[in-house]
Amino acid sequence: MNTENARAQMRKGVLELCVLRVVRRGEAYTSDLSEALKQADLLVVEGTLYPLLTRLKNAGWLEYRWEESKSGPPRKYYKLTENGERLLEALDQEWNQFVNAVNSLT
Amino acid sequence: MKKTIDINLAGMLFHLDEEAYQRILAYLEALKKQFNSIQGCEEIIGDIEARLAELFHERLHGGKQVIGLAEVEEAIRTLGQPEDFGDGEPQPSTNEATPSGEFTEKRVRRLYRDVENGFVGGVCGGLAAYFRVDPVIFRVLFLILLVSGMGFIAYIILWAAIPGARTTAEKLAMRGEDITLDNIKKSVEEEAQRMKARFQAGAEEITPAVKRAASGVGGATRNLIEAIGGLVAIVFRVIGFFLLLGIAAAGIALIVVATNGFSFESDWTQGTPLFAMAMTVLPSSMNMSVLWLATIAAILGIIVEITALVLRYTFRVDIPRASWRWIHGTAILSSLVGVIIWVVMGIQMGLEFREEARHIEAIPLAEGQTEWVLTVASNELDIPNNHLSLGEFLDGLELYYDGIALDVKQSMRQTPSLECVVESHGANRREARMKADRVHYDVILQGDSIVLGDLISFPLDDRFRGQNARFTLYLPVGHTVYLDESCSDYLDRVDNIDNMYDPQMAGKLWMMTEEGLSLYAESRL
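Residue numbers (the numbering used here), protein chains in the order written: chain A, 1 to 106; chain B, 107 to 631.
I should point out that these hints are in silico values taken from the structure, not numbers from a laboratory. Hints may be right or wrong, so weigh each one.
Cross-link-like lysine-lysine pairs, in silico, DSSO-like; alpha carbons within 30 angstroms at most [unchecked claim]:
| # | chain 1 | residue 1 | chain 2 | residue 2 |
| --- | --- | --- | --- | --- |
| 1 | A | K70 | B | K109 |
| 2 | B | K277 | A | K70 |
| 3 | A | K57 | B | K139 |
| 4 | A | K38 | B | K170 |
| 5 | A | K38 | A | K57 |
| 6 | A | K12 | A | K76 |
| 7 | A | K12 | B | K139 |
| 8 | B | K139 | B | K109 |
| 9 | B | K277 | A | K57 |
| 10 | A | K57 | A | K70 |
| 11 | A | K76 | B | K277 |
| 12 | B | K170 | A | K70 |
Predicted model, so just to flag it, every value in this text is computed and none were measured.
Extracted from the complex, chain A is given alone in its bound form:
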């Protein structure tokens, strides 16, 4: 079995949770996000983030403000909404249960 393929599928599955967790640390700009996720080896290409962020924002879990940038166009800084915080807590629990469930099989 191709582990790389399975790994990619797993990454996709948890990307939403990971993005929310990074944003919880503090307001984040897209490349901050991608940097953090890439370091954690949870993200391959930055482009994946854009549709995800837009979707989370439209769902009311994230909000952003504009900030001027010296090196390019204005940037969007994302942070969690109250709804987003609640969702993330629920997702954290889900994740722990999931990990325990998977580990219990060994």
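Following the hints, position chain B against chain A.
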């Protein structure tokens, strides 16, 4: 020396060399295709463009002026290929690594509004970019049309139907590749290659002999497609363009007729026969403008729908899903409202036929006469198809209707008489009665001659509610009547002992006998 092209990404200007430009154009197009079906597509593309701008900006710090292919490739590597933008939703992965340069897929120019350079909505600029001509040509064209009152509608329709070029991808697509014979040939060749590959892939599962044959077929097919494909592409667009022109013309015609329709109440001679018919039967509580608005709403809905379809499938205008739904919904709603108003009007009209009432008048005839002549005098009005017509009376509009019928019966008394029964329908008995009372008919009596006008008339406000007049000549036994030829269309189930059909009875002399009406002579004595 290399040619550079300026592009605007998220409000920043960059000089790109030709290769870099083609690459970024393809990349943005591919992105757009990828996200087209997702909500917030424009926002996503906008974010990505902003990030590209940032990445390019970083590259330019070292004193570099022009973005080359290497910078573009690097930025794309950072952002990733569109196929990898799965949005966290699991989807079947394509395990082959996508080679860069995969985006040589077609970059056909699309019709967008040139929002930035437009005077009004950018329609002319967009059309000009699509047809590769100077926008002035379209602007002058629209101005000419505007003078005649047509350009406005056409412009509004196009404005609503063509999306504005907002993201850079759209702006590039708007200018896109030229539709030259070379490009068409190229895209047709690509198609042919793909087809050949399919043929071969299919053949591999069969025998090698068939495979060779199929490859031959593939080659032959390619030549054929090459020849035809280019023409077809052009023909389709030309047809689409004319279809749009036709739709615009139809819309204009509709408005012209509609405005004539509004003036109809004051000058009926300008109206169409169909329109006159509608006007005569309209529910009495409504006027023509309601019918017109309903008709316009219904037809406009259809026009908008067809326009959008043509733009989408012939000109490959990329209408975002949300706008598409919006256009679609508005068009259907508009047509639906129109049709519902029609139906309501129809029902109300029907209800106004519910009750029936009559008005009876007995007209005494001169005594001493025993030989009568019955004639129907034609009014000088020119009535199409012998039906309803409108005429102007001094006090407002009147309807004329050839709703008369003639009958001859035996009189129970010694004296002859002419009875006129006027019938009408109405929403209730009282209204029907009033409508019947208001019906005017003409009877001229002079000696032995009875002349009836062939038309009855009633006020337009009464509408046509089945008004008709039935004249019955009551003759004592022994009296004769000559039914003039002019009666032939109006005689209605006249009992006679010769069992002759109504139309044949005209032009003959009849006598009332104890048994009933009897043929007396084939002609007037």
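Hint-by-hint comparison with the structure:
Between K70/A and K109/B the CA atoms are separated by roughly 29 angstroms; this keeps the pair inside 30 angstroms, and the hint holds. As the CA atoms of K277/B and K70/A are separated by approximately 26 angstroms, the hinted pair is consistent with the 30 angstroms bound. Restraint check for K57/A and K139/B: the C-alpha separation of about 22 angstroms stays at or below 30 angstroms, so the hint holds. For the hint pairing K38/A with K170/B, the CA-to-CA distance comes to about 28 angstroms; that is within 30 angstroms, so the pair holds.
Between the alpha carbons of K38/A and K57/A the distance comes to roughly 22 angstroms, so the proposed pair stays at or under 30 angstroms and holds. Distance check on the hinted pair: K12/A and K76/A sit about 23 angstroms apart at the alpha-carbon level, within 30 angstroms; holds. Straight-line distance between C-alpha atoms of K12/A and K139/B comes to about 21 angstroms, which keeps the hinted pair within the 30 angstroms bound. For the hint pairing K139/B with K109/B, the CA-to-CA distance comes to about 28 angstroms; that is within 30 angstroms, so the pair holds.
This hinted pair checks out: K277/B and K57/A have alpha carbons roughly 26 angstroms apart, not beyond 30 angstroms. For the hint pairing K57/A with K70/A, the CA-to-CA distance comes to about 25 angstroms; that is within 30 angstroms, so the pair holds. Simply put, K76/A and K277/B have alpha-carbon atoms about 23 angstroms apart, close enough for the 30 angstroms limit, and the pair holds. Annotation: proposed proximity of K170/B to K70/A holds, straight-line Cα distance about 18 angstroms (limit 30 angstroms).
In summary, the structure agrees with every hint in the numbered list given earlier.
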